[in-house]
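A.B. asks: So you can see what is in the structure, the chains are spelled out below.
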Amino acid sequence: MKSPLTLVEGEGSVVIIEREGYVDRVFYEITEAPRFFEYIVRGKSPELVVDFVSRVCGICGVSYTFLAAKAFEKCLNIEVDSDVEEFREILHLAERVKSHALHVFLMNLPEITKTRSFSELAERNPKVVKNAFNIISYSRKLMRVFGGRFHNVVNIKIGGVYFTPSRDDVEKLRNEINGIFKSFTELADIILSFRSSIHLAISKPQLCVYAEKSYSHHGEKVVLDNAIYTTEAFYRNIVSVVQKEYSTALQYRVKGSESFIVGPVSRFNRYYDRLHSEVKDLLNTYDWRPPLSVFEGYIARMAELYDALLTIREYLENYKYRDIVSVKNTVGYRSANNVCEYAVEAPRGVLYHRYVLGKDCKIVECDIVTPTAQNLAVMEDIATQLTRGKRALEETIAIAKSVAIAFDPCISCSVHTLPVKVINFNKRS
Amino acid sequence: MIRVLVAKLTSCSGCLSEVIYALTHSDIRAKYNVTYFTEVLDVDKISNAELAFIEGSITTKHQEEFLKNLRSQVEFLIALGTCALMGGVQSLRLEGNIEDVKKTIYPEPRYIDVLSEVKPVDSVVKVDFAIPGCPINGDALVSFLRKYALGGLPVAIYETVCSECKRKNIPCIIVTQKSPCLGPITTSGCGALCPQFGRGCYGCYGLKFFDITREKINVLLDRLVELKVDEGDLKAILLAYSFKLYSKLKESRC
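Respectively, the protein sequence lines represent chains A and B.
Take 5 as the starting number for the first sequence in our numbering and just add one per residue.
Take 1252 as the starting number for the second sequence in our numbering and just add one per residue.
Hints listed in this document are in silico derivations from the structure and should not be mistaken for laboratory results.
Check before you lean on any hint, since a few could be wrong.
[Unchecked claim] Derived DSS-like pairs (lysine-lysine); straight-line CA-CA distance at most 30 Å:
id, chain 1, residue 1, chain 2, residue 2
1, B, K1370, A, K6
2, B, K1429, A, K366
3, A, K363, A, K225
4, A, K394, B, K1429
[As the list claims (entries may be wrong)] A few chain B residues that don't get close to chain A, going by computed Cβ distances all over 12 Å:
id, residue
5, K1259
6, T1261
7, Y1272
8, D1373
9, S1374
10, V1376
11, A1381
12, G1402
13, E1410
14, N1420
15, T1427
16, C1452
17, E1466
18, V1470
[To be verified] Chain A is faced by these chain B residues, among others (derived, beta-carbon under 10 Å):
id, residue
19, T1311
20, C1385
21, F1448
22, R1450
All values reported here derive from a predicted model rather than from experimental measurement.
All C-beta atoms, glycine included, are put in the ideal place defined by N, C-alpha and C.
Bound-form chain B, shown alone (with noise of 0.2 Å):
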């Protein structure tokens, strides 16, 4: 059987609950033996182990070295989720300075030890995979899975909602509705779960990490004011999904 383990960083364990969706799948169970998940094991130290799973970004000194000692005793990493991947919601904080953060909120803020940075995993341990979405789709993980397990990895693709939309067709929310929807510039993977529910794409997968450029993305902000969405929501949820992309291409100077 496949050791894995299953950990956690600074998330909210909405892409755990996936991966105990995809551990209720008895051919699974048969072929992955977790040994590390303590939200649903009584096992507190980490071991050697073939797989890795990492939800959440890192926010503290303690998380950082925590990772950097699994990544030692893990072969294959896969990074979980927005979090992981580009630094989540709480991403957001980093628009003020740390020190007034804390003092916003704690009357002793002295007492949080937290770094300046939100860091996604990629930028302490080299990761091995990838699986976006906040949460990740559990039927993703469930053929990532099932294809390891066979000796191989899925294929990469490299699609935005909109042809998701495009295959349940799904009329365009913004050209039948004008409502706004961040499709275009979202990487897929949900299955245009928003679209469907008639709402448009509020991009928690993340910004498209291939062929996207600072001009890209503001020809569509642009349309989407022109819908009368405010500019200041239309950043923060840019920021707050796709922190790690959006702040490069934010200063680049394609």
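Isolated chain A, as found in the complex (with noise of 0.2 Å):
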């Protein structure tokens, strides 16, 4: 049985392999086209590239060219100033705010609901419309006045930033974002009261980006339930890339056989005490504190949200404009190292980038792994778990679907994913 997903970025099915009437096996196929990003980067400049892989995607942008600008700022050994690395964060965080708003509104929300659309369970309830849609244009504007605008964006480089907004751009955010808080609890009122109608605690390592005194966000280490790894260690010996004896997806797994979830559900989880106090007094009044099942993705894209706009408006209170200095020119500036490599966690998980620069400075080399191909073992094992022994029914595929849209994948994203051939497990000798 397949059935095509929805509610999803990007392409796929979900397929069942039956054995008898009865389900063996779930995965899901990925139809999205790959682009060969890995491969269309080399023979290029780092500063092309910085913006080349904002295209990788349409949701994410930002997570992308901040990362690729850190890995190379880090293997040219170009130093960026405090202010410059704390206005690049700012802009992430509204790049969150962004895609958990379109994520828990869109996608979720009428899945929590049971209804086939947005628009469907505005007519039911239209204030859920405009409070979901103010904090969507708020993103939007957010980063049109730290970014340029709400995709591929054009103010991140290697060094820095290329300019900074004025003192007039941010009082006007400043003196939105009240409004938008109000829209949140509203909207907060209706979301953090539903419990999710599949109940599976989590058994499966959860990774995210190490961080030292914050939230989890951006750095060279990475944590796996208690143990930390430097990015390298992790994604060259810690970690298989693992090919199905049916399947020909590529799926990523610890030391070749167990699968890890990435994402908001491992970050809330690891870092509950981070958050600000506001988002934990919030979820309080609700009853949720970790852990977390992926179930409840919702729950913590919800808490980011929150902690992502209460950090916003700490800077846009605080902001002074200065003509923040960047560096102006990186051409010339010679690799100390030509591995660069980091992590961001875009808003789905673990984005991890690894480029070799030739002595000609351009990319020889490039991997990336992105959050939601290292998801994808793990939505296969919690799907066949679930399901495994049912009747493959239409109740089956939803359960399937269910466990799609839970993790959010952002399947444009997936470059490292293949086209997945079906087999009828009883045509198997």
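Assemble the dimeric complex from its two separately framed chains, guided by the hints.
C.D. replies: This is the structure we're talking about:
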């Protein structure tokens, strides 16, 4: 049985392998056409690549651009002022607001309320539309002021940024943000009151970017449950890329067998204590605290959305316009180390890039590991766990689709996934 | 209400986010009924409609068939963005042979089923209207939807980014900063976004499609190379965002 996925970004289908009418295995066929980004960046300068990689994903482009800039700064030994760094982090948090708002309000909410679309939900409760669109529109304004536009921002480069907004532009955002908190609280009242009908405690390892003091954001180390690794050690030694016997989709598994989870739930469960106290107070009101399961991912997203808005408000209130000094011209820097790598918590989880530079400082090799590709193995494991042995009917497909939506996959990003061939289990000898 | 389909091919969904932005306007929602948009609607089959928006280029046989089927069910088809109009950044893979490209990245390249070409939408079906950009300008889409609902279409504009700089009193980036800028040969529509931010245009809206020849492009490229821009990088940018046009002009005899 096969059914296209809806309420997710990108193209895929859920495929059920049946044995005599009962579910044996679930997997996700990714029909999204590959764009070969790791090939197209070869032979190009780092400056170009910073803008190119934004095109991998239409929702989390800043994560890609920010990460590429950081990776190249590291290996080209370019130091960035702390003011500039803080500015870029705010732009990245604006993207977290954008992505979580789009996912929770347009994809999660209809799924939770069993409506076919946001429009149908809006007919039942028009205020929901107004509040959700207020937040999405505000995230758009944030991204325009700090990044230039909603997607493919133009304000990140190796060495810093091109432009810092005027006090007037920031003041307009500051004046509006309290209204946004009001919209958020009204939506939170509905969303935080939902309890997912699927109860599944997580027994899978959870991975996120390691953070010394703050909430998980970006860095050179990752933490898998309680073990800390450098990104290089993790992605080259700990994780292996596995090809399943009946499936041609590549998946990432720890030490070749154990699937793991990345995303808001991983971050929330590990770094809950580092959220603003207002976030924890709000969650306590509705009786939410860690550990959350992946089916409660919408709670983690709401918490992160709120936390990001609080951080952004503090920044807007303390904003002092200054001509932020960025490194003006990065041509001519020679790499101290020709391997450039870094990790950023994209909205959907750990994103990792690794570039190798040649003698002419152009890219010779590139590896991009996306959060969705990392979650594919665990998505299949969990969907199979929930449905194995049940009759292969529409309800089973619905459960498998719910698993996909809970993980908020961004299929366009999944550069390493392959189209899958379906094999009817009964035909195998 | 006008029935609308929204479909995605080989692309990143960035232009679809602009469609979502257009739908946040209550007057647009009052006039248009979106009946297919898998990212936000739990509907997986297309049906007859008046309008269709297409994001992305065509790189698989399945997409080709899907698009032809969709075209037969709509009256007016709009191509959105650089991928749909020009092929998109993924066109850069055409610098190499597809079998080599696959082998470079995948351990089992035989399982990758893609066309050797990257096709813009109009090489597969008739396109009635096009909105350029990477991503498109959401306000341009809103303007289109408002005019279309009134029975009209936006006036076609034949300008480059330079015109937008002049209107906004932005001093020329090449002249005052000696920074490279592709504005003189790039289609307008972004509002001179990068020059506003103090950087040169990198041509993401695509080459201007009117009054353009290989010679005119080379005049600008020569000037930019004088400003110490890497020529290989310049050509890569032009192929990435203007593949359909630039690949033809490169070979042309003019």
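A.B. asks: Now tell me, hint by hint, if it's right for this structure.
C.D. replies: Evaluated hints:
no.	hint	in the structure
1	B/K1370 <-> A/K6	holds, 28 Å
2	B/K1429 <-> A/K366	holds, 23 Å
3	A/K363 <-> A/K225	holds, 27 Å
4	A/K394 <-> B/K1429	violated, 68 Å
5	K1259	violated, 7 Å
6	T1261	violated, 4 Å
7	Y1272	violated, 6 Å
8	D1373	holds, 18 Å
9	S1374	holds, 16 Å
10	V1376	holds, 17 Å
11	A1381	holds, 18 Å
12	G1402	holds, 24 Å
13	E1410	holds, 19 Å
14	N1420	holds, 16 Å
15	T1427	holds, 15 Å
16	C1452	violated, 10 Å
17	E1466	holds, 25 Å
18	V1470	holds, 22 Å
19	T1311	holds, 5 Å
20	C1385	holds, 6 Å
21	F1448	holds, 4 Å
22	R1450	holds, 5 Å
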